[in-house]
Amino acid sequence: MIEIKDLTVKYTSLKEEYTALKNINLVVPTGGTCALIGPSGCGKSTLLKVMAGIIKDYQGSVEFDGAELNPAQQKIGFIPQNYGLLPWRNVVQNICIAAKLKQDKAVTKDDLAKIIHLLGLDGLDKRYPGELSGGQQQRVSLARAFLLKPDVLLMDEPFSALDAITREEMQDVFLSLWNKYTVSTVLVTHYVEEAIYLGQKIVILSANPGQVAKVIDNPLFGETDIRHRKEFFEMSLELRDLLKQGGKS
Amino acid sequence: MKEIRYIWYAGAVFAIFILWSMTAALVELPIVPSPVRVLETLGFIFKDSIAIHGLYSLWRIIAGLFLAIVVGLPIGVAMGYFSRIDRILAPLVYLTYPVPKIALLPILMLLLGVGEAAKILMIFLIIVFQVIIAVRDGIRAIPKETYYPLYSLGAPFQAVFFEILWPAALPKFITAIRVAMATAISVLFFTETFGTQYGMGYFIMDAWLRVNYLEMYAGIVVLSLLGLLLFGLIDCLEKHFCHWQYR
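Protein sequences, first through last, are from chains V and U.
Residue numbers for the first sequence follow our numbering, so the first one is 1 and each next one is one higher.
Residue numbers for the second sequence follow our numbering, so the first one is 1 and each next one is one higher.
Heads up, a few of these hints could be off.
Claimed, not checked - Derived DSSO-like pairs (lysine-lysine); straight-line CA-CA distance at most 27 Å:
{"id": "1", "chain 1": "U", "residue 1": "K144", "chain 2": "V", "residue 2": "K100"}
{"id": "2", "chain 1": "V", "residue 1": "K149", "chain 2": "V", "residue 2": "K109"}
{"id": "3", "chain 1": "V", "residue 1": "K126", "chain 2": "U", "residue 2": "K144"}
Don't read these hints as lab results, they were simulated from the structure.
Turn these sequences into a full structure, and let the hints guide you.
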């Protein structure tokens, strides 16, 4: 379970103090997914970076399964916007880096082969990120995150750089992995459809300062083939209206 | 692919040879001897005299280079990664970098004597600044997002260094060495004209003073080959360690 209590993040630039996030309270149950959506500048990425242990200067508390956030002890899988692959490491090295850093002996060659196969990366082992398409890079970053069997998975607009077809394909790849490994997941997105498709819980943030405007329990999550259903469109429109009003309804 | 590269090297040698022969035939002066005669002389004296001078020069360059790497690399990494260290050290580097190092030669010689130390330190001073600045800028150019997955794994600095800083800085570092190498060889030549009986600089100047132009040219050819050897070595290292760049 991910539990965020009264989280406030302030940036201090030379001239002024800027509140990026104010009094955020959020609970994501174990094995659940949560989609963060909101206008640009609402602090969605900041919230994710706090959870990833990248921003350390915050007030309030962030707990994973009752223990205060500590990247050195917990297994946090983080997928940044540009996938965060190391250009000087090949596909296998990139996938293994998380397990290597955690000195995770439980991860075997078998697991590696399995995840490579599951993500359709067979035969690309020795390639470098620069030789892969955007979709393939995304698959490598998913493989890296899932190989570690993380306690929490955080994804920052993971599919936004992909074309529409590849994006939907990758969303399905993600869901199948998530179903297999059931990892508590928080993802940031600016696509309403993506939020509905991937978020069990949809959290709408408002900007200036970033606050939780609304939390929606998504009734459509987990049902098959929802993309073509009427309810999906209706909910998309509803969410869009909410976002236009800055999350306040 | 490899064979083609060697063909180009052979072509370069051939072109220089032709140009040189033509100049020699045109001016007909002892100061521009024909390359055939120079190469003959080189073959004749290489084992007995030039080889030892070449080895001395090579040792000084490699020692200076090694020192510059040992000192410059950590400073460059620290300045690139920790902005606070950069703020303190950058003014110092900027103030001392533009000083022509050769102008410091008399001081170094007074302080360290005319022996090996002053010569090696000279090479070191020329290379080290380029290494510091190239490595620092190389590390600064790494996008922040590259670090994020490692930070979120709670990676210690050591892991960040080996997984990100070192591989990212390496190509910049090799370029810096390549750029600095030519200057280092020229300055080495100059320093070797003082207080030593060994080194290519000494050999060439000595031949010149003895008005033995053939030996002088043989020395110049060896110096050029020394450069070729060093550049070739750097190219090989880059191909080996930075091959991801060429994919």
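The hints, checked one at a time:
Between K144/U and K100/V the alpha-carbon distance is near 21 Å, which keeps this suggested pair within the 27 Å criterion. For the given pair, K149/V sits about 14 Å from K109/V by alpha-carbon distance, which is consistent with the 27 Å threshold. Note on K126/V and K144/U: the hinted pairing holds, with a Cα-Cα distance of about 25 Å set against a maximum of 27 Å.
Taken one by one, the earlier hints all hold for this structure without exception.
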